[in-house]
Structures are given as C-alpha cells and as structure tokens.
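Dock chain D against the given chain X, drawing on the hints supplied.
Residue numbers (UniProt numbering), protein chains in the order written: chain X, 1 to 399; chain D, 1 to 399.
Among these hints, one or two may not hold up.
[Said to hold, decoys possible] Sample of chain X residues facing chain D (criterion: CB under 7 Å; computed from the structure): (1) ASP23; (2) PRO61; (3) SER133; (4) TYR142.
Since the hints were derived computationally from the structure, they do not count as laboratory data. C-beta: ideal position from N, C-alpha, C; glycine also.
There are 2 protein chains.
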Amino acid sequence: MSLQKNARTIRDSSQRQEHPLRDATAAALGESRILRAFLPIIENHNAAVKDHQHQQGAEDPLLVGPGDDCAVFAGSPTPTVLTTDTLVEGKDFLDPWPAGISSGGYEVGYKAATQNLADIAAMGAEPVTLVVSLSMPAHTTYGWVEDFARGITDSIVACGAHSCTVSGGDLGTSNDITVSITAMGRMHPDTPKPVLRSGAQAGDTVAFAGQVGWADAGLRLLLQSHNPYLADIMAKQTTGKHPRCDDKVVQRALTAQLRPTSPVPAGVLAARAGATAMLDVSDGLLKDAERIACASAVDISLSAEAIEALSKPLVPLAQAILHGQPRNEDADSYVSLAQECVLGGGEDHGLLACFPSGALLPEGFVALGSCLVPEGQQPRVLLGQRQAQARGWEHYQPL
Amino acid sequence: MSLQKNARTIRDSSQRQEHPLRDATAAALGESRILRAFLPIIENHNAAVKDHQHQQGAEDPLLVGPGDDCAVFAGSPTPTVLTTDTLVEGKDFLDPWPAGISSGGYEVGYKAATQNLADIAAMGAEPVTLVVSLSMPAHTTYGWVEDFARGITDSIVACGAHSCTVSGGDLGTSNDITVSITAMGRMHPDTPKPVLRSGAQAGDTVAFAGQVGWADAGLRLLLQSHNPYLADIMAKQTTGKHPRCDDKVVQRALTAQLRPTSPVPAGVLAARAGATAMLDVSDGLLKDAERIACASAVDISLSAEAIEALSKPLVPLAQAILHGQPRNEDADSYVSLAQECVLGGGEDHGLLACFPSGALLPEGFVALGSCLVPEGQQPRVLLGQRQAQARGWEHYQPL
Numbered sequence: 001m002s003l004q005k006n007a008r009t010i011r012d013s014s015q016r017q018e019h020p021l022r023d024a025t026a027a028a029l030g031e032s033r034i035l036r037a038f039l040p041i042i043e044n045h046n047a048a049v050k051d052h053q054h055q056q057g058a059e060d061p062l063l064v065g066p067g068d069d070c071a072v073f074a075g076s077p078t079p080t081v082l083t084t085d086t087l088v089e090g091k092d093f094l095d096p097w098p099a100g101i102s103s104g105g106y107e108v109g110y111k112a113a114t115q116n117l118a119d120i121a122a123m124g125a126e127p128v129t130l131v132v133s134l135s136m137p138a139h140t141t142y143g144w145v146e147d148f149a150r151g152i153t154d155s156i157v158a159c160g161a162h163s164c165t166v167s168g169g170d171l172g173t174s175n176d177i178t179v180s181i182t183a184m185g186r187m188h189p190d191t192p193k194p195v196l197r198s199g200a201q202a203g204d205t206v207a208f209a210g211q212v213g214w215a216d217a218g219l220r221l222l223l224q225s226h227n228p229y230l231a232d233i234m235a236k237q238t239t240g241k242h243p244r245c246d247d248k249v250v251q252r253a254l255t256a257q258l259r260p261t262s263p264v265p266a267g268v269l270a271a272r273a274g275a276t277a278m279l280d281v282s283d284g285l286l287k288d289a290e291r292i293a294c295a296s297a298v299d300i301s302l303s304a305e306a307i308e309a310l311s312k313p314l315v316p317l318a319q320a321i322l323h324g325q326p327r328n329e330d331a332d333s334y335v336s337l338a339q340e341c342v343l344g345g346g347e348d349h350g351l352l353a354c355f356p357s358g359a360l361l362p363e364g365f366v367a368l369g370s371c372l373v374p375e376g377q378q379p380r381v382l383l384g385q386r387q388a389q390a391r392g393w394e395h396y397q398p399l
Numbered sequence: 001m002s003l004q005k006n007a008r009t010i011r012d013s014s015q016r017q018e019h020p021l022r023d024a025t026a027a028a029l030g031e032s033r034i035l036r037a038f039l040p041i042i043e044n045h046n047a048a049v050k051d052h053q054h055q056q057g058a059e060d061p062l063l064v065g066p067g068d069d070c071a072v073f074a075g076s077p078t079p080t081v082l083t084t085d086t087l088v089e090g091k092d093f094l095d096p097w098p099a100g101i102s103s104g105g106y107e108v109g110y111k112a113a114t115q116n117l118a119d120i121a122a123m124g125a126e127p128v129t130l131v132v133s134l135s136m137p138a139h140t141t142y143g144w145v146e147d148f149a150r151g152i153t154d155s156i157v158a159c160g161a162h163s164c165t166v167s168g169g170d171l172g173t174s175n176d177i178t179v180s181i182t183a184m185g186r187m188h189p190d191t192p193k194p195v196l197r198s199g200a201q202a203g204d205t206v207a208f209a210g211q212v213g214w215a216d217a218g219l220r221l222l223l224q225s226h227n228p229y230l231a232d233i234m235a236k237q238t239t240g241k242h243p244r245c246d247d248k249v250v251q252r253a254l255t256a257q258l259r260p261t262s263p264v265p266a267g268v269l270a271a272r273a274g275a276t277a278m279l280d281v282s283d284g285l286l287k288d289a290e291r292i293a294c295a296s297a298v299d300i301s302l303s304a305e306a307i308e309a310l311s312k313p314l315v316p317l318a319q320a321i322l323h324g325q326p327r328n329e330d331a332d333s334y335v336s337l338a339q340e341c342v343l344g345g346g347e348d349h350g351l352l353a354c355f356p357s358g359a360l361l362p363e364g365f366v367a368l369g370s371c372l373v374p375e376g377q378q379p380r381v382l383l384g385q386r387q388a389q390a391r392g393w394e395h396y397q398p399l
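Isolated chain X, as found in the complex (with noise of 0.2 Å):
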C-alpha cells in the first residue's frame, strides 16, 4: 500500500478536477503555458473577493493584478505599486563563473534589488521599500551576509532611488542560496495615473533609456572559462600588464551582468512626459518590445540605425567573447554578435517606453522606433522592414 497515494485523502478532494496537462512538466510545456496551471485560478479568486467588497459596499483595491510589472493598489494620495522577483545561484548566478569572477554576497544583492526597482520605475512610480528574504546554506559567511546588505542599500543609491528604505525580511535554509525581493512603490502627485505595457498606440515614438546588450555580453564573457582578453584583463591587475582589449568595455559589460543598474528616475519622468506604455528590459528588447506590441495591440517598428547606434560600442566586446570561442570564430561576425546581444540581451534594466507621437523625449530617453497599426492579428515587432524574430530569456527551456 501506497502512503503516498492516500496523502490526497488527507485532504477533501472534492474541489480537484483533473485538467489534461496535470502530469506534464514546465520543461515540456514551456514558462507561458505552466503559467496557465497558476493564473485562472487567482484570477476567480480575484473576481470573487471583488463581489465580495462590492457587496460590502467597498471598493476593490486591485486596479491592475497580474500581467504588468507591477500590480497597482488604490491610494491615497496615489496608487502603490507592488513586485517581486527571485535569484537563485545556479540559476540566476553562479558563485565563480567558468571565467573565475564570482557572484558574492554584494552582487547578489545589488542584482536583486535593482531588478525590483527597475519593476516600480517601469510603472511611472517612485520605490518606497524593499522587502528582502533570504534563504541560504549553514555555511555561508557572515562576510556574505555583510556584503549582501551592502548590495542591496548599493543598488538603491546608484538606481538613484533615493527614498526606498528595507523595510523587513525573512532569514531562513535552503541549499542553493535564493533571495526574493518585494518592492512597493506609490505613483507621484503629479502623475499618478500608472503606465501600464497596454497603452501604446500606432503613432507613438518607442524610446528607451539605459542601457542594453551589455548584461549579455558580460554574461557570454562570465561564461567562459578560459578566454585570453579576460585573463589579460585579470592578470594586469595583479602585473600591471596592458591588455590587448579595452578593458574598460569588458569591465562594463561585466558590472552590468553582475551589479546592473537601472535609470530610476527615468521612469517617473517618463509619466511625466506623458508615457502611454512602458516596462523594464529584462528578457530581451525584442522580446520586451512584443510584450508592448502585444499588450497594446500595436506593431512596434525598430529603426535598424538606432539599433546599429546601441550595437556599435558592443562591437569590441564581440570580439572579446568571439576570441574566447576559437571555434565560433568563423560563424558569426562580431558585428552581428553585437546586434543579438542588444536585440536578445536582458538584465541590463534599461525601461522602454512609448510616447505621444512629437512629445518631448525626457532626459536620459533615446528614439528607438514607432507604433503602427498592426497589419495581421498577431502584433509584430519589425526591425527596419522585416520581421524580427524575438528572442529572449525564458524559463524552463532547454538552453
């Protein structure tokens, strides 16, 4: 006799109805259709607490729920704004790289902040805490923890997030080390209407600020375990040595893959600006951009010179991660391994945003393309005339 089969008796099995998918795994259904297990079920659960409040006479606070970067709550006097986002090293970081460059405390920290605040920030909304937990192995250090802290309050400053405390917390086990961050945000006086990834309309301008391509480069860099410009770079510090490659391009590209940040106050200047739709690169720009397309029902057209502009001072790094790969040398020119890293490259946290078409672009946000009326029934992202293919980060596929 099977314990483990009578386990579902324990509880009252009335409520199980058996869907077809329910022995399929995330690896063979993919992260978008293993959402689908999760989100109908909280989306009745939200329906039913908003007949609930409407017959106590109270109003939902649920203004956005899943789906954007953020849920928006009801306020006064704005809405607040809540996400949140998990590392986990093996996964999201690797303590060292094959490169021999180690995620610590303080890049784990710095990362986990700056991808939430880059969450509020893509909402047209201020960052007023972080909720940190941390989950972690007996033996790690004191030093770790010090430096994870360090991280954390680090990013908050360079993200210029200036009135975002850490609030709280939670410490606890785990065998690979995971952290979740949760930041709350609240809209500003001025603009408190939240921009939402659903706004956007043919005409608009789509621009962006920050940064992109440079994670990813830092991440095929971080990757190899035995690239000579690395190691010149390295080995210089300790030699004095100079290096054949510049490596302040390397250095960037490492610093934004390990302790990336995110234009902050970009974000509320955007909702000043009169932003109709925005979100943080974090999957990819093209990939993020047909989150947009789609959300907005728009085609999202992409001008191939801006792109060539963001790809261009990527070039040498191209160069720097194609070294590392003898055998890829031949296959792919560093020209165009600068565009994929710009156009399928996330982490780097820059925000793409849409805006009226003629507005003024605020500080810090470059033109990037436009929004047309979408030709066929699945909204597209173009890149000069042609479709582009958007590639990107996503769970539980085979790399």
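Positioned in the frame of chain X, the structure of chain D alone reads:
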C-alpha cells in the same frame, strides 16, 4: 593566479571594512547573530533615507522597520503593512515526509499563504494582497502548480481574509521548490494604530487565539517512518478497518502542520479591544512570548492551568507519537510531551496578544496569563512560578 581572488578588484573595494566575524558561518553563529551582519547596514541606509526625506521637506513613510511581524508605512486613510516569508523544499517541507504523506503543491501554497496572512493579522491589520514568487525544477508538473494556486486561494478563504487578492508574482527555476510570498495589508479605519510587539505593560492580560502545539505534533508524526497509529489510519481509508487511535486527532495534527489556518479576523478584533502587543506564534509559544517580553520590557507569566488546558487534547497524540518511537516510550510521559508541543511548537500561527487588565477579551481569545514588572534585567517568561526555558525553532542550529 586565482581569478576569484581578483573578482573583488572588479568592484570598488573602498567601502569594504573587514569585520572580525567575516569568515564565521551561519552554522557557527546562529540565526540571531547572522542577522547582525544585515541589520546595521539596513538601518544606516534607512536613517540616510529619512534624512534625505526631511531635507526634501517630505515625511519618511517608514513608521516601523525590521523587527516586528510587519513593516509599517504611513498611508491614508490608514497605514499599510508589509511582510514576507519563504518555504524551501527539503528544509521547510518534504515530498514525501518519512511517514509517506506529501507536502504537494496544495500544501505548500496553503502554508506559505497562511504564514504571511498571520503576520498581517498580528499587526491588527487586514490582508489586502499577496504576491507570490515560485522557483521550481523543470520537472515540476502543471498539476503541482495548479494545486499550488488552489492552496493559496483556499488558505485565504479558510483564514477569513475575505478582501485579500493575489496580485502578481514571479516564476523561476531552482533545484528545490522555493516559495516566497509577500503580503500587504492595511489597518482598519476603526483601529488605525498597528499593534506592535513592544506595547505590553505590567498588569496586561496575555491571551491567545487559534491553536498551538498541533502543528508540532503533526511534524513529529510526519517525521516517523513506521508509526503504527498512522499506518492504521491510512489503512482504514482503504480497508475500512477501525484504527486503534482517534484518527480525528491525528488528522487535526497533520492538517495543522500541512495546511495551517490562522485566525486572521481575530487580529482586527484584538486591535479593536485595545491589544497592547501581539504577534503570531510561528516559532513556539515560549519563544514568541519571550519576544513580546523583551520588546515590551515585561515579564510574562503563563498560568500552568491554561497551558494544561491547551495540552490536554494533545495527550492522545503524544501517545501516538511515542508509540512510533518505541525506544523513547519510557523516557517521556504523554503529558509532558503534549506540554512540550504546546510550549515549544511553532507553525500553528495562532495569535498571542496582550490586553489591558480588565479588558473584555475578543471572541476567539482565551487568557493564558499576565504581564508583570520585570524582576531582572533580562525579561523572562514564567510558567506558573518557575522560569520557563524558551525552546523553539531557530535556523542554522544543528537539530
């Protein structure tokens, strides 16, 4: 040359101060001392934010920072509260437990939600929303995720948190299933002042709502691989055979551990009745009473009769537990094990609160004792006339 050692030079190392404990591990230091690596840095940061806000002529919204059940933020018309809690597979739950029963998706979602709802209730606040971060291996099934979502929403309903939505989340990859939930709540307009741990005064009545000891008894059963009582109960469900032990008592204990329910509305009732201090009992009645005692600078005296009344229904369970541990049968009496569960066991998520002497206890609360002027420098918890030894859950300490 170790590239790892050089990793530090990539970042600005000027801010690093070498703390003498830097290389000490969490295992060596224990939970409370490892927290000291985190808190001073966070508190410095929060003080700097406060200064910055004052310079800008703005108020710091952070009314209560780390250290209570929730952080508290200024809000209109009432303050907002925020808390976060994490469950990790293999550490906080097993699938299956040695007894053969599983914490599946339903149980994990249920328990993670309840933990957070209880922290909101312990401030005297009403839960507004949960955001959920789920990290899981690629082999996790659609059915698990579906159960997980249903566990969360069923917990919300069972805890009586009728206006609580699930507003967002994050899905990621990990080796061990890890769930972080953050709950946001708000104070009720009738009782806008949050109930902290620090407000108890000598003379106050100490009271409790919910149950205590049952989750610990359930845990002890789940950790036994060959318990004849449990096997009988499981067998009965397939064979109809009458078990030797009252299976309702065992089921109540298993449910308390796997799917605990916190009396959330009792939190608002307590605030309305003038509660001076409150927390949810998650780490053990004595340990959590000690937290109130320390924060409020009072001694807490628990009545031996009240503890006996809480322990009595657990005596048959203690018998079942000890029958699964034949070698311990003589070492421990049923009565003392039942009392150990009540005093040391956490995870039932009942509410321990202090009320002004003579106040009418709100529905659901029973008196457990009273607050006294502290006799020594270190506030104590007394059981009857004797000082009680606070045992309870602590991370990173060998079990």
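Here is what the structure says about each hint:
no., hint, in the structure
1, ASP23, "holds, 6 Å"
2, PRO61, "holds, 6 Å"
3, SER133, "holds, 4 Å"
4, TYR142, "holds, 4 Å"
The structure is consistent with each of the numbered hints, conforming to all of them.
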